[in-house]
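Turn these sequences into a full structure, and let the hints guide you.
Number of protein chains: 2
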Amino acid sequence: MPEFRKDIVTGRWVIIATERAKRPTDFALEPVENKSGQNCPFCPGNESKTPPEVLAYRVNGGAPNTPGWKLRVVPNKFPVLGIEGDLNKQGEGLYDKMNGIGAHEVIIETPQHEKTFDMLTEKEIEDVLWAFRDRVLDLKKDKRFKYILIFKNHGSAAGASLEHTHSQLIALPIVPKSVLQEVEGSRNHFANRERCIYCDIIRQEREEGVRVILENKDFVVIAPYAPRFPFETYILPKLHDSCFEEGKSYEYEALASIAKETLVRMTKVLDRPAYNIMIHTSPFGEEINDFYHWHIEIMPRLTKVAGFEWGTGFYINPTPPEEAAKFLREAVV
Amino acid sequence: MPEFRKDIVTGRWVIIATERAKRPTDFALEPVENKSGQNCPFCPGNESKTPPEVLAYRVNGGAPNTPGWKLRVVPNKFPVLGIEGDLNKQGEGLYDKMNGIGAHEVIIETPQHEKTFDMLTEKEIEDVLWAFRDRVLDLKKDKRFKYILIFKNHGSAAGASLEHTHSQLIALPIVPKSVLQEVEGSRNHFANRERCIYCDIIRQEREEGVRVILENKDFVVIAPYAPRFPFETYILPKLHDSCFEEGKSYEYEALASIAKETLVRMTKVLDRPAYNIMIHTSPFGEEINDFYHWHIEIMPRLTKVAGFEWGTGFYINPTPPEEAAKFLREAVV
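Those protein sequences? They're chains Y and S, same order as listed.
Numbering-wise, the working numbering puts 259 at position 259 of the first sequence, and it's gapless, one number per residue.
Numbering-wise, the working numbering puts 166 at position 166 of the second sequence, and it's gapless, one number per residue.
Just so you know, not all the hints are guaranteed correct.
A pair counts as met if it fits within one copy or between any two copies, since identical chains are not told apart.
Below 30 Å or equal to it, Euclidean Cα-Cα: the simulated DSSO-like pairs (lysine-lysine) are [said to hold, decoys possible]:
#: 1; residue 1: Lys268; residue 2: Lys146
#: 2; residue 1: Lys89; residue 2: Lys326
#: 3; residue 1: Lys304; residue 2: Lys177
#: 4; residue 1: Lys326; residue 2: Lys260
#: 5; residue 1: Lys217; residue 2: Lys115
#: 6; residue 1: Lys146; residue 2: Lys89
#: 7; residue 1: Lys238; residue 2: Lys97
#: 8; residue 1: Lys97; residue 2: Lys326
#: 9; residue 1: Lys77; residue 2: Lys22
#: 10; residue 1: Lys89; residue 2: Lys177
#: 11; residue 1: Lys35; residue 2: Lys115
Simulated from the structure, these hints should not be mistaken for laboratory data.
Next up, the structure:
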């Protein structure tokens, strides 16, 4: 019997379609590979093909926008939002619009074109996390911004247009709707029970175990109870913490370690899938709070979103999260 | 300068990314074709490969589940929801779930495998609309159902797994979240202004003209002001009407005509794109009302949904709707 399950934070229902239950090999897998890149704008030596860097980590110094970096952050050459100007909110008859003000940056995670993110060392992944933090703390000084989304598109099925491994961030002058939904869901839970809803989830999941994929001292990785997509995976800090960028330094090391382990397992079980990664964190202004709990969501792109999902906001997921968790938990890597 | 635009009904913001402005030929178009089908379960002679039909239109009579039909409706062989049983709402610790009760049917729109939907005659498309109505009126008798979504996935990029042209319907025991958002947005507008929000939109769009694609006596086709996707298109009845299945009979004829014209133009301009079509209508119980206005949404699948969209609920649209409307309005077919 298929099941409706409700996401406890957002109230979103999903359908776990047991009649269509899918194992990893039932999907039309399209392995993502980084072929050796020619004319890649993210490769060393091609620094002039990107806008000038806003941040770089270099081992032995060296001039900006020259080779020798191990990580580099640049403005997106084709930004979806512009950094200059003000919002200039306007009506247009019935409608509302404003100027597309924001920042759009690219984090080039390694000079090595052929390495995918899961192939980076733990130390390299930790550097990426520090770069996220450095950029967020810098952009937060711009009081026009209310939220920054950090995300990664890996593989063309996940919307990536360049294969050289990179993440992106977009700083926004409004708090996005789906962020507000999570924050409000968490706030309501706290108002009723004086507890963080994610802390409650972590407690229940660790007691039950069926949806736990792995954990270390500081983080736990789970398949959520009501996932929209097969093999959707969350990484959560075990102790309550409402925002990513104010984390303690030892946490980034532990996070890099468990993120790599999670992606290596996913790469093995799903044969190098395309995926999206998003950091969910508190909006600026009340980023230190008792009710919201920052976390990372990983969504392998194995299925197509179709008319039913667009028309209802319901998602049909052919893989129960208990089965997805079991595959990832038991993967031998 | 890119623009933020707000969807007036749902409050959803989109980014019209002018720096990336795309014409039809800038997309990686993947034309959808129906090759002649072998072993297609929807072709005449293969009636036994589907569950027994629940409705068929036949020219000269003939027995059920035998050839001779011009349109056939069957339960989905791999339904996402089951028709038997009750909801049995339950908790699971913190979480909520219920049995996946619902109906999932397939409307096989023609016996001819090689014809795509836009190649059907106006009369054949009108039959499809009548079949939608017949099935909705029948399923509405089952008081467990609160909403029926009618939709079409065309092409594998839009989630179609079989190429023989067909639509689907899914009857649900709960009103989906995105339907509720539209209904509530419309209700609020009516509460403030005593006018239907869609009637207001139609009035403004017909006055301005820049986003109008075409119209006939009863329907108007527009590119919405804040579309999530390039070439997203709405078909709306000009006179206020809150639900699809209670339409007047002459309206289905006019709708079939304008739907075909719209799809023929889209096929021409975007070179046989994959697309999703959804009918947006009122939930059962208050389907006759002054505030909601049923309509059809067509979404060509030209871009991939990526991490930014999943993380924020914001959509980045590289094609301003004014340009999309112009291409479709001026298409010579």
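Checking an output row: Lys217 and Lys115, CA cutoff 30 Å. Within, between, both or neither? within (28 Å within a copy, 59 Å between copies)
Can you tell me if Lys89 and Lys326 fall within 30 Å by alpha carbon in one copy, between copies, both or neither? between (50 Å within a copy, 26 Å between copies)
Intra- versus inter-copy proximity for Lys89 and Lys146 (alpha-carbon distance at most 30 Å): within (16 Å within a copy, 39 Å between copies)
With identical chains treated as interchangeable, where does the CA-CA distance between Lys238 and Lys97 reach 30 Å or less: within a copy, between copies, both, or neither? between (41 Å within a copy, 25 Å between copies)
Using 30 Å as the alpha-carbon threshold, which applies to Lys304 and Lys177: within, between, both, or neither? both (23 Å within a copy, 20 Å between copies)
With identical chains, the pair Lys89 and Lys177 could be close in the same copy or across copies; at 30 Å between alpha carbons, which is it: within, between, both, or neither? Close inside one copy (18 Å) and across copies (28 Å); limit 30 Å.
Status of Lys326 relative to Lys97 across identical chains (alpha carbons, at most 30 Å): between (47 Å within a copy, 21 Å between copies)
Checking Lys326 and Lys260: alpha-carbon separation at most 30 Å within a copy, between copies, both or neither? within (18 Å within a copy, 48 Å between copies)
With 30 Å as the alpha-carbon cut-off, assign the pair Lys77 and Lys22 to within, between, both or neither. between (40 Å within a copy, 16 Å between copies)
Within a copy, between copies, both or neither: which one fits Lys268 and Lys146 at a CA-CA cutoff of 30 Å? neither (38 Å within a copy, 42 Å between copies)
Could you place Lys35 and Lys115 in one of the four classes (within, between, both, neither) given a Cα distance threshold of 30 Å? Classified as within; 9 Å inside a copy, 39 Å across copies.
Figure legend: structure checked against the earlier numbered hints; the only hint not met is number 1.
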